[in-house]
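Trainee: Sequence:
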Amino acid sequence: MVRVLIPSFFKNETKKGHSFTVYCVEVYYNGKCHKVQRRYRDFYHLHREMKKLYKTPEFPPKKVRNLNQKLIEQRRLALEKYLQAFIKNDFMPKEVIDFLCLPNENYEAKELRHQSVIAFTTDYRDRSPSHSGSSSSSSLPDIVVKGTLDGFYSMNDDDFYCKL
1 MVRVLIPSFF KNETKKGHSF TVYCVEVYYN GKCHKVQRRY RDFYHLHREM KKLYKTPEFP
61 PKKVRNLNQK LIEQRRLALE KYLQAFIKND FMPKEVIDFL CLPNENYEAK ELRHQSVIAF
121 TTDYRDRSPS HSGSSSSSSL PDIVVKGTLD GFYSMNDDDF YCKL
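Under full-length UniProt numbering, the first residue of the sequence shown carries the number 1, and numbering increases by one thereafter.
Because the hints were derived from the structure by calculation, they are not lab data.
Quick caveat, the model's predicted, so the values are computed rather than measured.
Treat the hints loosely; a few may be bogus.
Calculated pairs, DSS-like style, for lysine-lysine (alpha carbon to alpha carbon, straight line, at most 30 Å) [said to hold, decoys possible]:
(1) Lys94 with Lys15
(2) Lys81 with Lys52
(3) Lys81 with Lys62
(4) Lys35 with Lys88
(5) Lys55 with Lys15
(6) Lys62 with Lys52
(7) Lys51 with Lys62
(8) Lys62 with Lys35
(9) Lys32 with Lys94
(10) Lys16 with Lys55
(11) Lys15 with Lys62
(12) Lys35 with Lys16
(13) Lys51 with Lys88
(14) Lys15 with Lys32
(15) Lys52 with Lys16
(16) Lys51 with Lys81
(17) Lys11 with Lys51
(18) Lys16 with Lys32
(19) Lys35 with Lys11
(20) Lys35 with Lys70
(21) Lys88 with Lys32
(22) Lys52 with Lys88
(23) Lys51 with Lys94
Across the chosen pairs, the derived CB separations fall in these ranges [unchecked claim]:
(24) Gln37 with Pro103: 13 to 21 Å
(25) Phe10 with Lys146: 56 to 64 Å
(26) Pro57 with Pro7: 14 to 22 Å
(27) Lys146 with Glu49: 46 to 54 Å
Yeah, the Cβ is synthetic: ideal placement off N, Cα and C, and Gly gets one too.
Based on the provided sequences and hints, a complete structural model is requested.
Mentor: Right, dumping it as structure tokens:
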């Protein structure tokens, strides 16, 4: 699960003395947090790319100069909401993964979708005499159940999803 916040921003200046705002993006992934700094134009570039490929959420407009703190705060909230709209979906585009600097191993433009689950109606671990043919076989593992569970739920390093 990925969580994205933009808790703060700061002003920066170019060598020519022009100021711009940098947004501090915090990405929480697999119990870890890493931070990425992005300018508005980085977000805008992401939006233009995403608009070509997907239906995109509303993007905050540029407005006039970045001198008003209230406008910058409103933009910060809108950019945070924009990013959260992408990670809320069952599909996380590669462009967003790259923008957030997430590792590609689990999200390489794969659809994250619900998988059907097969369940047993009785607890297969229950080895009482009423469930087994004889008391001597109750100490043996149920190879049919074990094989079925291994077949459905065995995971390789390359396999992210349950087999069905």
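Trainee: For a quick check of understanding: which of the numbered hints are violated here, in increasing order?
Mentor: As far as the earlier hints go, 1, 5, 10, 14, 15 and 18 are violated by this structure, in ascending order.
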